[in-house]
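J.: Read off the chains here:
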Amino acid sequence: MLKTYQYPKFPFVRPAELDSPQTRHVPVIVVGAGPVGLSAAIDLAQRNIPVVLLDEDDTVSIGSRGVCYAKRALEILDRYGVGERVVQKGVSWNVGRTFFRDEEVFRFNLVPEPDHHRPGMVNLQQYYLEEYLIDRARELPNIDLRWKSTVIGVTPGEDAVTVRVETPAGAYALSCDWLIAADGARSPIRRMLGLDIEGKIFMDRFLIADVVMKADFPPERWFWFDPPFHPGQSVLLHRQADDVWRIDFQLGWDADPEEEKKPERVIPRIRAMLGDDREFELEWVSVYTFQCRRMKRFNHGRVLFVGDSAHQVSPFGARGANSGIQDVDNLGWKLELVMQGKAPAALLDTYSDERTYAADENIRNSTRSTDFITPKGNVSKTFRNAVLGLARHHPFARGLVNSGRLSVPSFYVDSPLNTPDADAFAGRMVPGAPMDDAPVAAAGGGSPWLLPHFGQGFRLMIALDDAAALDAATAEGLAALRRGAIPVEPIVIAREGGAPGGIETLHDVKGRVRERYDLQPGTVYLVRPDQHVAARWRRFDPAAIEAALRRASGQRA
Amino acid sequence: MMITLEYNFREPRTRTFYGYEAGDAFYEALIEAHRDLDEEQSALVNARLVLLLANHVGDVDLLREAIRLAREDVVGG
Ligand SMILES: Cc1cc2nc3c(=O)[nH]c(=O)nc-3n(C[C@H](O)[C@H](O)[C@H](O)COP(=O)(O)OP(=O)(O)OC[C@H]3O[C@@H](n4cnc5c(N)ncnc54)[C@H](O)[C@@H]3O)c2cc1C
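Taken in sequence, the protein lines are chains S and R. Straight run, no breaks: the first sequence in the working numbering ends on number 1497. Straight run, no breaks: the second sequence in the working numbering ends on number 80.
Please keep in mind that the hints were generated in silico from the structure rather than gathered at the bench. Be careful, since some hints might not be right.
Okay, the calculated bits of chain R under chain S, using three or more residues with CB under 8 Å as the criterion [stated by the list, open to error]:
id : region
1  : 4–10
2  : 31–37
3  : 59–70
Restraint ranges, calculated between C-beta atoms of paired labels, are given here [what the hints assert, rightly or not]:
id : chain 1 : residue 1 : chain 2 : residue 2 : range
4  : S       : Lys1236   : R       : Glu31     : 19 to 29 Å
5  : S       : Gly1192   : R       : Val78     : 23 to 33 Å
6  : S       : Arg1237   : R       : Glu31     : 18 to 28 Å
7  : R       : Leu40     : S       : Phe1157   : 38 to 48 Å
Quick reminder that beta carbons are idealized off the backbone N, C-alpha and C, glycines included.
Whenever a hint applies, use it, and build me the whole structure from the sequences.
T.: Here it is, written out as structure tokens:
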């Protein structure tokens, strides 16, 4: 029991399969209703694909785990219909402050650029995120969410995958075209299939404490290296919802986890940090070790691994759930195209290619952070302290201070789905880039931000000065793209005017779209359903767009 | 010429999208250079590294300034 949160308990419903001798077949089974499995179910259900979602438990994530949800994950959660609730309930922050011993050495701002809808980070207890996703999943009629349903066996096949599900009322079998394994770091499915996951464990332990207190500290991330109240180690302080504060104390490898969890040891540590007069109550304590590892491939025939089952990182950088949600964003549209027969199954290989690339980036960054935060050996420690000492005076050293490089999306620059630029462009919206947001005015109503107008399906963004000046030939070309087997919805970005034929028009009210995408009149961007850039040109060329669309959907160009 | 104290790390042959990547890559390589070395060997590697970089910089006035900044706060601090 927590003081600020009551864990919901979801009812087990006896499934009809228990009373039938036949094995039922469904299109998709998702195993695991953590943040990633829930996101996967919602993504597919929003594509009109029915999903059976199985979870062994009957509640949300227990205790203190994920805290920070990054801008990119929030943008995806917007598409899943829960972004606003997360932002409203959570604590938004952009500023991080870093202390060395008793002095502040450095601060950073996660969103140094103005005019983005979502903040750099929102802090929210993981159980709230899961609760909101569950609420959303229950709104979608084609999600069949089954609690107290443990997958105890999996049989992969050429044409189908069969799982054995154990429930309080007995066990049954269920088969599917596609199995999504979102069953967490220990992934029973990964183990049952005998698949490896490789990486390393960090020889350190961290005490994670949630405390309830009224404090008027600003909503910032505070990180201490070697502070007087916890000498020789690091400490991290985050504010979460409901006046709950999360404190992470590095303990070292030799600490005894059972001893360290006792309130009589934890409370003095927190007192030393907050001062004797600060009133607080202990909400949760646990001791963690962390590892960084990933599977070689994330797709194995008809079994697709997402989230922690496929990859794990140390928490410095908050790249766990954030990257799992991006896995799902990458997978959903590809699986839909394959299931519709509009793309070859090989498109799913690019799910693995792009997301293992992202996982490597996440592992690399969180490993570097961990090595900086918990230096092993005297030389590492000397360099670390030299950086922190120089950071007081010199900007270059501040750039080297690494207390966690916070979750940012990958640029899939090497992806086979990209069409390389043939024309010259400035800026970072290269093929493979995750779209930058910007303020817009939607002529036909709708969000005053760019990103919500993209996603779900392919989009073609075409830039004009005056949208009304769209010529007839281009309008006809756009209409044809819309009617294609894989439809591409056009969006005109203009300074003024409305495009003919009811084509969605957005006004670039602050000029940020032009600036961020290096737009000129006539510039065209083909954007994937996950809001990554597929291709771009300086002029509208239907044949080039068709070829890029074939390539971006895994067909031979 | 003045000593550069602004962040100046870059990897010209790799396209990076986040400012910290080049500096972090350097730092990783620096720590990696000491793997499996004993203290004496590590000190020697550091000394050799300083000498290599000093020669690359070349400008002795600049090096004197770097030496002064390196000692600052360490001595008597
Ligand atoms: C201390 C700590 C701090 C963290 N901080 C952050 C952070 O700030 N930001 C961030 O993004 N991430 C953070 N993370 C990581 C984050 O918690 C995980 O990445 C995230 O929970 C992974 O989600 P998932 O859905 O893949 O797996 P899980 O959340 O582990 O969910 C797996 C689900 O599968 C179910 N399951 C397992 N086996 C079976 C089975 N056989 N049959 C049916 N169901 C099964 C489980 O019941 C569970 O619900 C942190 C983690 C820790 C430990």
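J.: Which hints from the list above does the structure break, by number from lowest to highest?
T.: Of the numbered hints, just 3 does not hold.
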